[in-house]
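Use the sequences and the hints to build the structure in full.
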Amino acid sequence: AQSVTQLGSHVSVSEGALVLLRCNYSSSVPPYLFWYVQYPNQGLQLLLKYTSAATLVKGINGFEAEFKKSETSFHLTKPSAHMSDAAEYFCAVSDIDYGGSQGNLIFGKGTKLSVKP
Amino acid sequence: KAGVTQTPRYLIKTRGQQVTLSCSPISGHRSVSWYQQTPGQGLQFLFEYFSETQRNKGNFPGRFSGRQFSNSRSEMNVSTLELGDSALYLCASSLVIAGGPHEQYFGPGTRLTVT
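Chains B and A supply the protein sequences, listed in that same order. When we follow our numbering, the leftmost residue of the first sequence carries the number 223, and every step to the right adds one. When we follow our numbering, the leftmost residue of the second sequence carries the number 4, and every step to the right adds one.
Treat the hints with care, as some may be off.
In silico lysine-lysine, DSSO-like type, Cα no more than 27 angstroms apart, as pairs [to be verified]:
no.	chain 1	residue 1	chain 2	residue 2
1	A	Lys-4	B	Lys-280
2	B	Lys-331	B	Lys-291
3	B	Lys-271	B	Lys-334
4	B	Lys-331	A	Lys-60
5	B	Lys-290	B	Lys-334
6	B	Lys-280	B	Lys-334
7	A	Lys-16	A	Lys-60
8	B	Lys-331	B	Lys-280
9	B	Lys-271	B	Lys-291
10	B	Lys-271	A	Lys-4
11	A	Lys-60	B	Lys-271
12	B	Lys-338	B	Lys-291
What follows is a list of derived Cβ distance ranges for each label pair [to be verified]:
no.	chain 1	residue 1	chain 2	residue 2	range
13	B	Gln-267	A	Lys-60	18 to 28 angstroms
14	B	Ser-231	A	Asn-62	15 to 25 angstroms
15	B	Ser-336	A	Arg-114	36 to 46 angstroms
16	B	Ala-239	A	Gln-20	44 to 54 angstroms
17	B	Ser-306	A	Thr-116	41 to 51 angstroms
18	A	Gln-20	B	Glu-237	40 to 50 angstroms
19	A	Thr-23	B	Ser-292	40 to 50 angstroms
I should point out that these hints are in silico values taken from the structure, not numbers from a laboratory. All values derive from a computational prediction rather than experimental measurement. No residue lacks a Cβ here, since even glycine has one placed at the ideal position from N, Cα and C.
Here it is, written out as structure tokens:
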């Protein structure tokens, strides 16, 4: 069964510093991986997705993630943090693709990112 | 294009009551999934509907049910509410086309409080 582990429930960085949020997955088949962001009192917004087309995936708001099969990782990075990046970030893996249809998402526990001025 | 909408946004119910939450997917999206988000358990999958049929179900008791209408709108119902059902309920819609799982677009959620 697929699973996702996010290392670090809280990460704090200074404005302008590198953001690195860690995600490791477990999957018996080639995974479909996603990063979502959640601002307070809002739903989830898709940042980026990996579907085996390219190992380095660029998303919105300057975020990107690199798929590393050997490390079973899909870490999220951003070169320079902004105050507006403060939110909770979720890594997710899609359940097994059955018949080309939509599977459910299995989420990590989330990482809250704080950005200090 | 309008996003996923959920109504109501906030709801307060008493133990033992039942509740119905509504979700309107993005136009053209035929798959609707529901998730429960709590501080303790995180985000957990409830069920997925496609073409008015429940296609996948998470590990929740039978008190949680749902349905989908011919216009793809979906409702979920929770009967005999318990305090532990207090949560943010998120609806997500997605396209269903060949080529594997596609991204899900989430609504703002319904915050249910059970007293």
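Status of the hints after comparison with the structure:
Taking the CA atoms of Lys-4/A and Lys-280/B, the gap is about 23 angstroms. The hint holds against a cut of 27 angstroms. A distance of roughly 21 angstroms separates the Cα atoms of Lys-331/B and Lys-291/B; the hinted pair therefore holds under the 27 angstroms criterion. Taking the CA atoms of Lys-271/B and Lys-334/B, the gap is about 20 angstroms. The hint holds against a cut of 27 angstroms. Annotation: proposed proximity of Lys-331/B to Lys-60/A holds, straight-line Cα distance about 20 angstroms (limit 27 angstroms).
For the hint linking Lys-290/B to Lys-334/B, the alpha-carbon distance of about 23 angstroms falls within 27 angstroms, and the restraint holds. The suggested pairing of Lys-280/B with Lys-334/B holds, with an alpha-carbon distance near 21 angstroms, which does not exceed 27 angstroms. Between Lys-16/A and Lys-60/A the CA atoms are separated by roughly 25 angstroms; this keeps the pair inside 27 angstroms, and the hint holds. Taking the CA atoms of Lys-331/B and Lys-280/B, the gap is near 23 angstroms; set against the 27 angstroms cutoff, the hint holds.
Note on Lys-271/B and Lys-291/B: the hinted pairing holds, with a Cα-Cα distance of about 15 angstroms set against a maximum of 27 angstroms. Distance check on the hinted pair: Lys-271/B and Lys-4/A sit about 21 angstroms apart at the alpha-carbon level, within 27 angstroms; holds. For a cut-off of 27 angstroms, the pair hint linking Lys-60/A to Lys-271/B stands: about 23 angstroms separates their Cα positions. Note on Lys-338/B and Lys-291/B: the hinted pairing is violated, with a Cα-Cα distance of about 33 angstroms set against a maximum of 27 angstroms.
Separated by about 26 angstroms at the C-beta atoms, Gln-267/B and Lys-60/A satisfy the suggested range of 18 to 28 angstroms. Between Ser-231/B and Asn-62/A the beta carbons are some 23 angstroms apart, a value that agrees with the proposed interval 15 to 25 angstroms. About 23 angstroms separates the C-beta atoms of Ser-336/B and Arg-114/A, a value inconsistent with the hinted range of 36 to 46 angstroms. Range check, Ala-239/B to Gln-20/A: Cβ separation about 48 angstroms, and the 44 to 54 angstroms hint holds.
Look at Ser-306/B against Thr-116/A: about 29 angstroms separates their beta carbons, and that is not inside 41 to 51 angstroms. The hinted range of 40 to 50 angstroms is satisfied by Gln-20/A and Glu-237/B, whose Cβ atoms lie roughly 46 angstroms apart. Distance hint for Thr-23/A and Ser-292/B: a CB-CB separation of about 48 angstroms, consistent with the stated range 40 to 50 angstroms.
Violated hints, listed in ascending order, are 12, 15 and 17; each of the other numbered hints is respected by the structure.
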